[in-house]
Amino acid sequence: MHDPSKKMPGETAFAVVLVGLSGFLLWQAILISGFEALSSPGAFPMAAAFAMLVTSVAILIKTLRLRERAALRFFSDVAPPVILAMFAMMLGYALLLKPLGFLPTSLLFLTVSIYALRRRGLLWSFGVSLASLAVVYVIFRLVFTVLMPSGLVPEGEILAWLGHLFSGGHIQ
Amino acid sequence: MTEALQFFLISWLDLKLLGLVALGTFAGIYVGAIPGLSVTMAVSILISFTFAWDVYPALCLMVGIYMGGVYGGSRTAILLNIPGAPSAIATALDGYPLAQKGQAGEAIGLSTVMSFVGGFIGIGVLAVAAPFVSEFALTFQPRDYMLLAILGILLVGSLSGESLLKGVFAGALGLLIGAVGLDPLTAEERFTFGMVELWGGISFIAVMIGLFGVSEALIQLHHIDKAAVKQTIGRIVPSWRAVGKYLPLSLQTSSIGVIIGALPGTGGDIAALMAYDHAKRVTKKPEVPFGEGAQEGLVAPETANNAAVGGAFIPMLTLGIPGDAVTAIIIGAMFIHGLNPGPMLMIEQPQMFWFITGALVLANIFMLIFGLTGIRLFTKIVEMPRAVLIPLILLLSIVGAYAVNNSITDVYWMLLFGAFGYLLKTYGYQVGPVILGVILSRLIDENWRRAIISEQEDLGRLFMGILTSPLSLVLFGAVVFIFISQTPLWTGLRARFGTARARGDGV
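For the record, the sequence lines run as chains S and V. Just so you know, we're using this note's numbering here: the first sequence kicks off at 1 and counts up by one. Just so you know, we're using this note's numbering here: the second sequence kicks off at 1001 and counts up by one.
These are computed hints drawn from the structure, not numbers from a lab. Ideal placement from N, C-alpha and C gives every residue a C-beta, glycine not left out. Only true hints are included.
Listed next, the in silico DSS-like pairs over lysine-lysine satisfying Cα-Cα at most 25 Å (straight line):
1) V:K1425 - S:K6
2) S:K7 - V:K1425
3) S:K62 - V:K1425
4) S:K62 - S:K7
Label pairs and their computed distance ranges (CB to CB):
5) V:E1446 - S:P99: 40 to 48 Å
6) V:N1405 - S:P154: 20 to 28 Å
7) S:S5 - V:D1225: 22 to 30 Å
8) S:A13 - V:I1224: 23 to 31 Å
9) S:L91 - V:G1291: 42 to 50 Å
10) S:P154 - V:L1416: 29 to 37 Å
With the sequences and hints as input, model every part of the structure.
Structure follows, in structure tokens:
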């Protein structure tokens, strides 16, 4: 996807950000223990940050020298709306996970994103999401026993009730 | 010996473990086959779910996914001309032309059997060589470990990406990420910005899922509308004659695969390309020209990339240095399970080594079985629309990142690294060296400090030590060579040498 002989939109800015990041990290690394000894806790981070700074500056110079520009645009080829929207959806998922719980948040996330990506009707998207979520739930919650926030759905109680049902109604 | 055999057979005799290897291999084949979903992605997401497990079942699943995934990439390379994994890039060169001629079934069958052969040879070499390498590794000095780890990062950085500069940047970034938290030797805070949450460092799983899961899924969003292509598949099981005919070639390319796989930092993708190149050179009169559907061009990369799996386990188990991104992740998982891969693992816990070898053989057998059957189900899964697949992967990424520590902070880290990884990839940086750097950070840091303390903080003495030890000298030479090979001086020299040789040939 990336052609090294052509400059992509945003490439220079990204290279500048990386130089800034490297410089900041080098500064932070020096703050750890200064130049007290070659075996100090800060020596290795300083070396790594220094390598980052040198390479990022070299990359920036190379990028600045590129004359030819790729026929692309930042908001349609590098960060098109679909990618930004998907990323925002994931952020939303992370925010809602604790208050709403795993099942409602996941169902919402899957339905909205599948609908937005596929555009084949809301009901279809909801059905597909429900089916996939059921599979995910069985595999990860029940087989892998991964604990997720339960939130609004009293998952534990439902599972206990189901277990109770299958054990023939006897309470151990 | 009988003890070794006992450990070797653990996964064969326990029904649960057997099932997990089968499940892992099956999942690996399908995940590897879906374009855009790499083995690294599958292993990194799935590992997060196995933390609560014992070591044995967790390893069974990972080994299966790794073996299956390396093979699975060949399917879509043949059918759709889209390599499902980087290690299948070379497979597409002749595999797709074969499919266009209506020989997709034969091509799949041959590549399956040859992957099996290659996988077997790789594991055989692992079983024979690892005990010796590990004994040899006991003589390694701290400086040798440090040099070897740096070499690994540089190899990944220089071979798999567009420039060494970007590779070194990515590797150094990984080293820094690995250094965040309390210093293991002095408990001094490093890059914690006064936050207690950062004392334990950034969750390795969050970094990994972000870089390999989320960023790859985001990139796949660019191709959301690409329709799946259907192919008709005929005979799958190849004839004995065909297998026998390519056996000599497969032995050669398997050796290439094992050696490349065993080099720290290089994996199946490079092994496959080198093997393809080798096949092109040694096959004097191919029935069909290379690139137009030569079966040799299919056999070579497929044997090599599966042989590289066994090879990659050699440095991982004997030195604690990963052979590629997937083994880096497996090492991370082993750390979390309290295991410490390295020469002492072989001495203190030989059962672990034989257990892994046994599981690898088992995975290889399952790969053959699943590879030659279930083709119909396979086409169904590959045709699954991306509009459904990608949201599911993103969902699993979040669940995986959350599940390890039950911490929402890890999810935010994962998202941050997902976005960052997406930008890195878009602008031509590789993410493989980052994860290798994270894994090797502590090893380099500790060994550097041990080495320099034992030389009384004297750089001159450290250099003398390197120059007077043959092993250190070779490793140091290799590190220097990688740098020189990327400078204009070297390309100039090579061009001159190349023209001289061409002239020599002409005489």
